[in-house]
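Peer 1: Just so you know, the sequences run in chain order A and B.
Our numbering numbers the first residue of the first sequence as 1 and each following residue consecutively.
Our numbering numbers the first residue of the second sequence as 1 and each following residue consecutively.
A few of these clues could be false.
As the list claims (entries may be wrong) - In silico lysine to any residue, SDA-like type, Cα no more than 20 Å apart, as pairs:
no., chain 1, residue 1, chain 2, residue 2
1, B, LYS150, A, VAL251
2, B, LYS150, A, PHE203
3, B, LYS383, B, LEU305
4, B, LYS150, A, LYS70
5, A, LYS70, A, VAL276
Rather than coming from a laboratory, the hints here were simulated on the basis of the structure.
Please read these numbers as outputs of a predicted model, since none were measured by experiment.
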Amino acid sequence: MTPSDPSAAPADTLTDGPRRGRGRTPGRVRGGTPLPLLVPALVGLAFLLLPLVALLIRAPWRSLPDQLAKPEVWQALRLSLFSATAATAVSLVLGVPLAWLLARTRFPGRGLVRALVTLPLVLPPVVGGVALLLALGRNGVVGRLLDTWFGITLPFTTAGVVVAEAFVAMPFLVISVEGTLRAADPRYEEAAMTLGASRFTAFRRVTLPLIAPGIAAGSVLAWARALGEFGATITFAGNFPGRTQTMPLAVYLALQSDPDAAIALSLVLLLVSVAVLAGLRDRWMTAAS
Amino acid sequence: MTEAHEAHPARTAEPTDKDTAGDPTGTNTDVGPTGTDTTGDPTGTDTGLDARLVVRRGTFLLDVELAAAPGEVVALLGPNGAGKTTALRALAGLTPLSEGGRLRLDGAALDRTPPEARPVGVVFQDYLLFPHLSALDNVAFGPRCQGVPKAEARAQAAVWLERMGLAEFAGTRPRRLSGGQAQRVAVARALATRPRLLLLDEPLAALDARTRLDVRAQLRHHLADFEAVAVLVTHDPLDAMVLADRLVVVEDGRVVQEGGPSDIARRPRTDYIAQLVGLNLYRGEAEGHTVALEAGPAITTTERLDGPVFVAFPPGAVTLHRDRPTGSSARNLWQCRVAGLETHGDQIRVALTGELPLAADLTTVAAAELGLHAGAPVWATVKAAQTHAYPA
Chain A
1 MTPSDPSAAP ADTLTDGPRR GRGRTPGRVR GGTPLPLLVP ALVGLAFLLL PLVALLIRAP
61 WRSLPDQLAK PEVWQALRLS LFSATAATAV SLVLGVPLAW LLARTRFPGR GLVRALVTLP
121 LVLPPVVGGV ALLLALGRNG VVGRLLDTWF GITLPFTTAG VVVAEAFVAM PFLVISVEGT
181 LRAADPRYEE AAMTLGASRF TAFRRVTLPL IAPGIAAGSV LAWARALGEF GATITFAGNF
241 PGRTQTMPLA VYLALQSDPD AAIALSLVLL LVSVAVLAGL RDRWMTAAS
Chain B
1 MTEAHEAHPA RTAEPTDKDT AGDPTGTNTD VGPTGTDTTG DPTGTDTGLD ARLVVRRGTF
61 LLDVELAAAP GEVVALLGPN GAGKTTALRA LAGLTPLSEG GRLRLDGAAL DRTPPEARPV
121 GVVFQDYLLF PHLSALDNVA FGPRCQGVPK AEARAQAAVW LERMGLAEFA GTRPRRLSGG
181 QAQRVAVARA LATRPRLLLL DEPLAALDAR TRLDVRAQLR HHLADFEAVA VLVTHDPLDA
241 MVLADRLVVV EDGRVVQEGG PSDIARRPRT DYIAQLVGLN LYRGEAEGHT VALEAGPAIT
301 TTERLDGPVF VAFPPGAVTL HRDRPTGSSA RNLWQCRVAG LETHGDQIRV ALTGELPLAA
361 DLTTVAAAEL GLHAGAPVWA TVKAAQTHAY PA
């Protein structure tokens, strides 16, 4: 039964099904995973789950209905859901064409552009917020023009929340859609063109439906990222209840004064996250596993 | 089929009996920008395809002259990597022509026309049916792009599917179609745009042997009905000879031979074609009945020729002997060595090296009696009457 003994292979493979395992090591290691892998794996699992378990243990289940009945909670949740959805919409409208540009066209400096697009992924969100202020703030490079020409000011408004969230979330969508586009066969677009479709028609009627799963997955990622956005939002849009105070900001603020309220709000966000995950798993994750 | 169409004096907007392929509904003769021939020369001299396909890519150069009359089916035949698919892409506008290239269809220059504006239909090798659309919507896609209203485009598509015998698969997604069905949908989709040039890239390569026979016969039928130019690319000589009126053999980016299927089969001019059609082919210098080969011995032929010639004979014309034959009337006698044996239909094909590399066909019995095996020395004879010499 030693792995190097070829004569052990037939008897062994018969139990696993005759066709499988040929050319692979005959005979699996019985008793499972080696300890040097198993121990860190279990510690890692506990590390990820423990905080969530703690949240559930310490939740003020008794006062929860009262906590959740507060109008501020629903105000923050509504604002969060609205701004995350709006940020995802902005990301879709701008991000899908950007992903197409990166995946399907060739232009000088494309590699650099792609690197810059992914920069917000690694940039600390607070820095993103500062940068947004400098660009779109009342005295910002572009913000000043927006103010004097159109009378539009973004900072400390709900629109500002959407801008901050889109800035942080859009790269997730672009990366996801670009990957799907690269994997999609560009010859379908060629086939569409030989049938008389312009490049845009080919994109709209052939490419877009083909990459729909990637767009959907990217949208969920972007939406989840926008929902949890904290740093850029508080820096660029501030923390005004009902206007710019999203759930994460409300959680942080509540933790200073009313920890039970913070836990209740956190539970709501956890619930939303689990719902998103469940939705993802049913539709797009199963194909990958 | 070529003759039949040459009888048409000029292409007119009026549909003739043979024009049914371009008009599945039988009621609508003018749909979209590519549906009708607005560029055709009324004198009839400027119809069909006239192209010089020049494409430079790195060190590879494709330079192929291609002309075809309406109704003609031309096959680009050649080994893999010869540039056939590049030629097809250039015709479709998916690969730009390099300097020196030229492309005219029915008198109109298409060199700079983008693919979507060319009256060209393409059947891709793996069909590229849009996976998210039903068979019907795949076929309706082209007419829709040409501005036909949705309901009408779908009605036209339904007629096309009907013609292809696929009416009951109208709502089926491509993934659920068999290879032969998908191929017919692809042909219908290409024809539904009423192209003036139909391109088929290895139209039968993706099919298994049994389906292939069926689909080939059907495709031949549809191509015979098609009133404009059809160009098909294949590396299968049988497909080319069954489907096409004329063969253009491309090797290494160049046309090496051009002609009717029977002419090419009888008088191959390169080893590639000789192998395809199963002939031994040699090039040499003729002087009367003797041809001195470029490499190797001389061959005695019945034809009396002078100058550079090709000599060809079928493997069945070769007789093998274990010992040097005495009193044989054959003038062509060579000492060879068996390089390999393989089954070829109900015969054994023997590859020989030595004085003259050649292929010989034997019955299984004869091969057994000779005790042939790789490396065995043999004598090969060929009667002069069974060789065929023609000017190079």
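Peer 1: Taking the hints in turn, state whether each one holds.
Peer 2: For each hint, the structure was consulted:
1. B:LYS150 with A:VAL251: violated (53 Å)
2. B:LYS150 with A:PHE203: It holds: about 19 Å lies between the C-alpha atoms, which stays within 20 Å.
3. B:LYS383 with B:LEU305: Answer holds: LYS383 (chain B) to LEU305 (chain B) is near 17 Å, not above 20 Å.
4. B:LYS150 with A:LYS70: violated (53 Å)
5. A:LYS70 with A:VAL276: violated (24 Å)
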